[in-house]
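Position chain H with the ligands relative to chain A; hints supplied.
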Amino acid sequence: MNELSSSELSSNAKKVIEEHLGRYPSKQAVTLPALHVVQEEKGCVSRKAIKEIADILELSPAQINDTLSFYGFFRTEEDPLGKKRVWICRSLPCMLRGGEELLAELCERWGIQPGQTTPDGEVTLELAECLGACDGAPCMLIDDELSLCVTADDVEKQVRGRA
Amino acid sequence: MSNEEFKPILLARQGKPNSHKLATYQADGGYQALAKALAMKNTDVVDVVKASGLRGRGGAGFPTGLKWTFLPKDLNGPVYLCINGDESEPGTFNNRVLIEQDPHQVLEGIVISSFATRTTTAYFYLRYEYGRCYRVLKDAIDEMVDNNLLGKNILGSGYDLDIHLHRGACAYICGEETGLIESLEGKRAWPRIKPPFPAIEGAFRRPTVVNNVETMACIPHILNRGAEWFMSMGIPRDPNNTRDAGSYGPKLYCISGHVNKPGLVELPMGISARDLIDKHGGGVWKDRKAKAVVPGGISMGFMSEKELDTPLDFAGPGRVGCLGLGTAAVIVIDDHTSMIDVLYNACRFFAHESCGQCTPCREGTAWSTKILERIREGRGKLSDIDVLLEISSSIGTIPGTTICGLADGAAWPIKTAINKFRPEFEEYIKSGRKSESRSLAAAH
Ligand SMILES: Cc1cc2nc3c(=O)[nH]c(=O)nc-3n(C[C@H](O)[C@H](O)[C@H](O)COP(=O)(O)O)c2cc1C
Ligand code: SF4
Ligand code: FES
Numbered sequence: 001m002n003e004l005s006s007s008e009l010s011s012n013a014k015k016v017i018e019e020h021l022g023r024y025p026s027k028q029a030v031t032l033p034a035l036h037v038v039q040e041e042k043g044c045v046s047r048k049a050i051k052e053i054a055d056i057l058e059l060s061p062a063q064i065n066d067t068l069s070f071y072g073f074f075r076t077e078e079d080p081l082g083k084k085r086v087w088i089c090r091s092l093p094c095m096l097r098g099g100e101e102l103l104a105e106l107c108e109r110w111g112i113q114p115g116q117t118t119p120d121g122e123v124t125l126e127l128a129e130c131l132g133a134c135d136g137a138p139c140m141l142i143d144d145e146l147s148l149c150v151t152a153d154d155v156e157k158q159v160r161g162r163a
Numbered sequence: 164m165s166n167e168e169f170k171p172i173l174l175a176r177q178g179k180p181n182s183h184k185l186a187t188y189q190a191d192g193g194y195q196a197l198a199k200a201l202a203m204k205n206t207d208v209v210d211v212v213k214a215s216g217l218r219g220r221g222g223a224g225f226p227t228g229l230k231w232t233f234l235p236k237d238l239n240g241p242v243y244l245c246i247n248g249d250e251s252e253p254g255t256f257n258n259r260v261l262i263e264q265d266p267h268q269v270l271e272g273i274v275i276s277s278f279a280t281r282t283t284t285a286y287f288y289l290r291y292e293y294g295r296c297y298r299v300l301k302d303a304i305d306e307m308v309d310n311n312l313l314g315k316n317i318l319g320s321g322y323d324l325d326i327h328l329h330r331g332a333c334a335y336i337c338g339e340e341t342g343l344i345e346s347l348e349g350k351r352a353w354p355r356i357k358p359p360f361p362a363i364e365g366a367f368r369r370p371t372v373v374n375n376v377e378t379m380a381c382i383p384h385i386l387n388r389g390a391e392w393f394m395s396m397g398i399p400r401d402p403n404n405t406r407d408a409g410s411y412g413p414k415l416y417c418i419s420g421h422v423n424k425p426g427l428v429e430l431p432m433g434i435s436a437r438d439l440i441d442k443h444g445g446g447v448w449k450d451r452k453a454k455a456v457v458p459g460g461i462s463m464g465f466m467s468e469k470e471l472d473t474p475l476d477f478a479g480p481g482r483v484g485c486l487g488l489g490t491a492a493v494i495v496i497d498d499h500t501s502m503i504d505v506l507y508n509a510c511r512f513f514a515h516e517s518c519g520q521c522t523p524c525r526e527g528t529a530w531s532t533k534i535l536e537r538i539r540e541g542r543g544k545l546s547d548i549d550v551l552l553e554i555s556s557s558i559g560t561i562p563g564t565t566i567c568g569l570a571d572g573a574a575w576p577i578k579t580a581i582n583k584f585r586p587e588f589e590e591y592i593k594s595g596r597k598s599e600s601r602s603l604a605a606a607h
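Chains A and H are the protein sequences, given in the same order.
The first sequence lines up with residues 1 to 163 when you count with the numbering used here.
The second sequence lines up with residues 164 to 607 when you count with the numbering used here.
Isolated chain A, as found in the complex (with noise of 0.2 Å):
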């Protein structure tokens, strides 16, 4: 129980890390899918499993943090991320559909600011960059499944389960 309970990385995150190590020449390369599956299981990658990671790659804990801090994309246990994550492209084609429009009109609903998380924990708001789905603009990524042409309505719904 005890030695259960002192390990911060998951028995599926260690499996899904076993399983990369097979796949490329150095260890140092399963980083990213190691940070991924922690942050998809817990919502950020802790001091403690950025430790355990770095123990299992051979690396020291510092790479990891680099690696880890270069991409915007990952949290840390000071700033976790809500139940779902919305990201509502700002980039020049959804610019010109109301991108902008749908991102300062859901700051102003939810009274957050990208990159926070609304206070009942449920929504983290994000600006993406170019989304890759110009052709359905104003689009927005939740988690990481696109939604194309959407209103701050639309978005309300499918993340809140209301209008």
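The set of hints was computed from the structure by calculation and includes no laboratory data.
Please read all numbers here as calculations on a predicted model, not as lab measurements.
The beta-carbon is built from N, C-alpha and C at its ideal position, and this holds for glycine as well.
Hints may contain errors.
Straight-line Cα separation of at most 20 Å, EDC-like style, residue types lysine to aspartate or glutamate; simulated pairs [what the hints assert, rightly or not]:
#: 1; chain 1: H; residue 1: K301; chain 2: A; residue 2: D143
#: 2; chain 1: H; residue 1: K301; chain 2: A; residue 2: E40
#: 3; chain 1: H; residue 1: K533; chain 2: H; residue 2: E599
#: 4; chain 1: H; residue 1: K469; chain 2: H; residue 2: D438
Calculated Cβ distances over 12 Å to all of chain H for the following chain A residues [what the hints assert, rightly or not]:
#: 5; residue: K15
#: 6; residue: E41
#: 7; residue: D120
Frame of chain A, contents of chain H with the ligands only:
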């Protein structure tokens, strides 16, 4: 062949029921090109691709077969093929559609290209945001493994190959080929100084080829129908210019912005921007006129309305001052839109995405954004225009001040916006107006 008679090749299977499944792909003749290639010598496959004139679809337009010949002849270890599915250039979405609708077409191209380059492990680098693509590819790869199209002794040929999916983490710079390699290796995606080029020293310090998803999708068709067939489409090379490699084959054009029908269209290389907008994009929306058009992703800069008859082949956009064809992502901007807001949006993108390792790029992208922010607040000075131009001519691999081409991509929107729309910038600054756009500040 006229554009009216043209039948889609890469998008032929789009929208068919279960177009993503192996069984339907094989029923449509899929994987016959692979069987054909595996019966050839790998160098003969390289020769066919070289003879077809295929140029990379990822933005730089480098001849694909030629790139493969840069790999060392004598190998004392593995070669890697990295598929570039980072697709983050604003305006671009062709890789997404190709993968979601017809993953086996792309995967067949990857197996053939791996065989040609003697690769036994290929990495498919896919931007994280393409979750649906990831799941579609994962299932497609499983189907291939179950049917001896991947793994050991593919189709009894003695050739072995594994393809591994590798998900990115939302950073544009991972699309630059050496940034991609660093990211694949588990590091920050800082592009490398070249040379050495990846063909000599790439992923895991081994010879490596990086190719785009659409480039891969062309390969099975070239094997099936031959180099001459591929060269029957597009704009032939200029016989008076030895450096022109021509623009052959079909091309996916992404249309977005102020048109009635945004979407993806496949045509032989070389349609004009005007025809693309009017005949395939449903025309400019709200009965307005186009004011400016991006020919190939925001990095390429802007064409003015007068320049819309320019052919969108590899050479066309360069003739009107743009950086090139880029990704052939055409973004239409109508005449009700402020070029100050448009340029601000472009500059902010590059400031956000600069990896920060070269001072001219990191500072140049940040300062151009700040200057435009100030202009949009009604506090611009006329001298700002020349400061912006000076920044744009000082950053990038063309002036030779940066490691990678992101900075050239940041410079071109500034150059072309100011050179082609200077009176609008001057009038705006003199008026001291504030922008009406609700965009939030440059904050991350
Ligand atoms: C800043 C930057 C971003 C890039 N992004 C991409 C990309 O998302 N996808 C891509 O295929 N190529 C991208 N490229 C071009 C690649 O460096 C490389 O030329 C290309 O992947 C080679 O494949 P191809 O020859 O098949 O086109 C980018 C280049 C730069 C400078
Ligand atoms: S040019 Fe910009 S993005 Fe490219 S390596 Fe230098 S700082 Fe990074
Ligand atoms: S600009 Fe929003 S998806 Fe491309």
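- Taken at face value, is the distance from the CA of E40(A) to the CA of K301(H) at most 20 Å? holds, 18 Å
- Item | Pairwise hint evaluation, D143(A) against K301(H), where the allowed Cα distance is 20 Å at most | This hinted pair holds, its Cα atoms lying about 18 Å apart.
- Item | Consistency of the no-contact label for K15(A), given chain H and a CB cut of 12 Å | K15(A) clear of chain H: closest Cβ-Cβ about 16 Å, beyond 12 Å.
- Is the Cβ of D120(A) more than 12 Å away from each Cβ in chain H? holds, 23 Å
- Hint consistency between K533(H) and E599(H) [alpha-carbon to alpha-carbon, up to 20 Å]: Roughly 17 Å separates the two Cα atoms, so the pair holds.
- Message: Please verify whether K469(H) and D438(H) have alpha carbons no more than 20 Å apart.
- Response: Measuring from Cα to Cα gives roughly 13 Å; hence the hint holds.
- Message: If we take the beta carbon of E41(A), is the closest beta carbon in chain H still more than 12 Å away?
- Response: holds, 15 Å
Checked against the numbered hints given earlier, this structure breaks none of them.
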